[in-house]
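Undergrad: In order, the protein sequence lines correspond to chains A and B.
Note that the numbering used here has the first sequence beginning at 1, numbered continuously upward.
Note that the numbering used here has the second sequence beginning at 1, numbered continuously upward.
Take these hints with a grain of salt, some might be off.
[Stated by the list, open to error] Sample of chain A residues facing chain B (criterion: CB under 10 Å; computed from the structure):
| no. | residue |
| --- | --- |
| 1 | Asp52 |
| 2 | Trp106 |
| 3 | Ser109 |
[Said to hold, decoys possible] DSSO-like mimics (lysine-lysine), calculated; alpha carbons at most 30 Å apart, straight line:
| no. | chain 1 | residue 1 | chain 2 | residue 2 |
| --- | --- | --- | --- | --- |
| 4 | A | Lys137 | B | Lys45 |
| 5 | A | Lys137 | B | Lys169 |
| 6 | A | Lys137 | B | Lys149 |
None of these hints come from the bench; they were simulated from the model.
As the structure is a computational prediction, the values presented were derived from the model and not from experiment.
Note that beta-carbon positions come from the ideal geometry of N, C-alpha and C, so glycine has one too.
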Amino acid sequence: MSNTHLTEEELQSYALNIPADIEAVLHVNTCNHCQLQVRAYQMLYSQIRESDTPALDLAVEELVPAYLPNMGTSEIMEYRYLYCLLFIAALPLAALIIVCWNMLSWLFSGIFTSALLLLLCSLLAMGIWELFRNHDKKINTLKPH
Amino acid sequence: MLSDQDMIRMIMEGDRHAAILLIQSTEKLVAHIVFKLITEPSARKDLTQDIYLKTFRYLPKFRFQCKLSTWVGQISYTTCIDHLRRRKELVTLAPGNEATDEDIPWQEINPETLDVSQRLSRKERAEILEKLTLTLPPVYRTLITLFHKEELSIDEIMDITGLPVGTVKSYLFRARKMLKERLLNYYSKEDL
């Protein structure tokens, strides 16, 4: 059995019933000092749990605005404008690539092709991984607890 | 019980009943955050109205990155923190510049009002805890309430406050330690 007192962190975890190692349990069972600290933490936790929830000094109806939001035309139009802008910006870029194809063809020959493919594949893999993580997070959030 | 998606859809279709349901399902969380961060009673009402106004205004922009209640919690926290910053009442606890128990001046509680020699009723204990909690920095008392009273996970607290995981854990650790030490000062061993 250990003769050293539990650290503050161990005392907090012990009082939260987070499994402690056997040495810590044996020590607390025989140490008045640590027992007092654990009891103080347990009392603190239970008092916080049992404390009253403050009440908002407002009727619920007062908090509902007169006009509720509407994901209506303005929001949808915003997205349409964005897509249009992106499309318009992509057009000159595509035109530039077609016009300067002879100058850019070295990008798609020899070692550059492999390097470019590797880069694109890595970016694609990272994108898919990020999408998967976001999707996973959203699904976990929406699962009932 | 409505899912987050259904609730948002109904609110955006103008259903006031769904809006009331959203308020009812989040008012406890909002009240905890507002009451723990803001000590001035007159400001609480205005801030609560502001929080729900922002919630409904920005609802179409909610992207389901977290639970709807967590998002409302985020709005509550940032609205209150902004208010404290404007009033210059916020004690910044930046890493490396964190206040220790000795640094934080805490109000002395009149010992005559707290008869610790007797067994105390639940109400009296609650009052003592409330007074002791008020001596903590606002962010500390909010975190401790969210974790122990609202029983939110560290991840949810991170989402609400925007604080990194290490900071949340460290603030929680310090807040518990400070409160425990203050409780030990006010209670006899028999009371524990």
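Undergrad: For each hint, tell me whether it holds in the structure or not.
TA: Structure-based check of all given hints:
Interface restraint check: Asp52 (chain A) against chain B, minimum CB-CB distance 7 Å, threshold 10 Å, status holds. Given hint, Trp106 (chain A) at the interface with chain B, is violated; its Cβ is 42 Å from that chain's nearest Cβ, farther than 10 Å. The beta carbon of Ser109 (chain A) comes no nearer than 43 Å to any beta carbon in chain B, farther than 10 Å, and the hint placing it at the interface is violated. For the suggested pair Lys137 (chain A) and Lys45 (chain B), the alpha carbons sit about 34 Å apart, so the restraint of at most 30 Å is broken.
At roughly 22 Å between alpha-carbon atoms, Lys137 (chain A) and Lys169 (chain B) fall within 30 Å of each other, so this suggested pair holds. This hinted pair checks out: Lys137 (chain A) and Lys149 (chain B) have alpha carbons roughly 25 Å apart, not beyond 30 Å.
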